[in-house]
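**Q** Given next are the chains, with one letter for each unit.
Number of protein chains: 2
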Amino acid sequence: MAAGRVLVYGGKGALGSTCVKFFKTKDYWVGSIGHSNNDDADANFLVTTGSLTDQEEEVTSQVAETLGELKLDAIFCVAGGWAGGNAASKKLTESADTMWKQSVWPSVIASRLAALHLKNGGLLALTGAQPSLAGTPGMIGYGLAKAAVHQLTQSLGGQKSGMPPDSVALAILPETLDTPMNRKWMAKADFSTWTSLEFVAELFEKWTCGHDRPVNGSLVKLVTRDSQTQFVVV
Amino acid sequence: MAAGRVLVYGGKGALGSTCVKFFKTKDYWVGSIGHSNNDDADANFLVTTGSLTDQEEEVTSQVAETLGELKLDAIFCVAGGWAGGNAASKKLTESADTMWKQSVWPSVIASRLAALHLKNGGLLALTGAQPSLAGTPGMIGYGLAKAAVHQLTQSLGGQKSGMPPDSVALAILPETLDTPMNRKWMAKADFSTWTSLEFVAELFEKWTCGHDRPVNGSLVKLVTRDSQTQFVVV
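Just so you know, the protein sequences line up as chains A and B, in that order.
Sequential numbering of the first sequence, starting at 1, is according to my numbering.
Sequential numbering of the second sequence, starting at 1, is according to my numbering.
Selected chain A positions facing chain B (Cβ under 7 Å, derived; list incomplete): (1) Ser-111; (2) Gly-157; (3) Gly-162.
The calculated BS3-like cross-link candidates involving lysine-lysine, where the alpha carbons are at most 25 Å apart (straight line), are: (4) B:Lys-12 / B:Lys-206; (5) A:Lys-221 / A:Lys-188; (6) B:Lys-206 / B:Lys-221; (7) B:Lys-206 / B:Lys-71; (8) A:Lys-90 / B:Lys-119; (9) A:Lys-26 / A:Lys-71; (10) A:Lys-91 / A:Lys-101; (11) A:Lys-119 / B:Lys-90; (12) A:Lys-90 / B:Lys-71; (13) A:Lys-24 / A:Lys-71; (14) B:Lys-91 / A:Lys-101; (15) A:Lys-71 / B:Lys-91; (16) A:Lys-206 / A:Lys-71; (17) B:Lys-90 / A:Lys-71; (18) B:Lys-91 / A:Lys-160; (19) B:Lys-90 / A:Lys-101; (20) B:Lys-26 / B:Lys-12; (21) A:Lys-160 / B:Lys-188; (22) A:Lys-221 / A:Lys-184; (23) B:Lys-71 / A:Lys-91; (24) B:Lys-119 / A:Lys-91; (25) A:Lys-206 / A:Lys-12; (26) B:Lys-91 / A:Lys-119; (27) B:Lys-221 / B:Lys-21; (28) B:Lys-160 / A:Lys-90.
If you only want the chain A side, here are some residues facing chain B, beta carbon under 10 Å, derived: (29) Thr-53; (30) Asn-86; (31) Gln-154.
Derived by calculation from the structure, the hints in this document are not laboratory data.
Glycine included, every Cβ here is placed at the ideal spot set by N, Cα and C.
Generate coordinates for the entire structure from the input sequences, incorporating the hints supplied.
**A** Written out as structure tokens, the structure reads:
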């Protein structure tokens, strides 16, 4: 008998893989959604098609077939990407389009999955970004996509949002996650301000169990100083 | 000799048509961008293609060919649409996708046009929505798209955003605009709280001339009571 059932959207990414692995050590049934399989997961739901509505259809039909009437304790959407560029950049529209597809599409589909399969009192966690709480002139496409995720979180936390009763939707807002890619591209940064992926996975598990869970609709900053992370509700 | 040159993105819509007409009465050269021509405009730039990057290429190449080295006094992006639906709606992803294309695509392309063709000290006005300052559980796709426009505005108002020196980017945040469609669909509403399209067009013209222009990056609420409208910077 599993401790519970969770889905990780972006389960093959750096943070996603850490979450899949961590929840498996806690005896959860773990499903992974993404463009490639995570062999540590109990089930994989592949995203292969083009448009947002096609991806939703592809993902929701697979998940419905696997789960049937079983409900989920939590859904974590940790899919995402990064691109820089201001309005003078020739790649402005390209980066806005890519960021939308990488951050907002999975977040909207995860919201739909939550409406369909999350148990009463369950948890949906999306991934925002602290810089998007204000303007981000050097990374316009990234900033606006994450701002959309923030407002989506606030919508899901409101009355009659379509989420199951007593469930909680929130977004984590990291500064910088301590991923291999970030280590590679920002090799000279101060890593003591970066948030470890294990911390996020542990936090997700605590919230899944109802410990220290922020209120519905919360934007939750992850603030790391001297390698110690605290979460601060905006 | 024209009083100045402005572009209206969405120049065939209700607000757009009013703006085109108003600026013509003030002797401006007016270009209209949209899916169909506005015969009142001096020039029309048609949007016919599919993707965001294709639309950008289509619009920027036409505008560049027409303007050459001439600069614009202002760009008004008043393209947009509306769709309801919460997370339980089967049409959640469809409405998010449509709202993104109708509100965010034109706003991003208008930002690119501003970086390329706005004069120093020029004005870019985008269109947000007051409800998106918080969650919008009954209209999730609409809310998140407008929230993206708000954060885009803040980005454009920041340092090194790629906008021309001394130019101002802002967004108007209406509650309800007094359009024929809104009259049709909300026939029993209190129209004395709706903002007239002529008010918006006049305000745009004042701001274009530099009168009462809010600071760069402003989100500007349009608040109408007893048929009188004030603008309030958030």
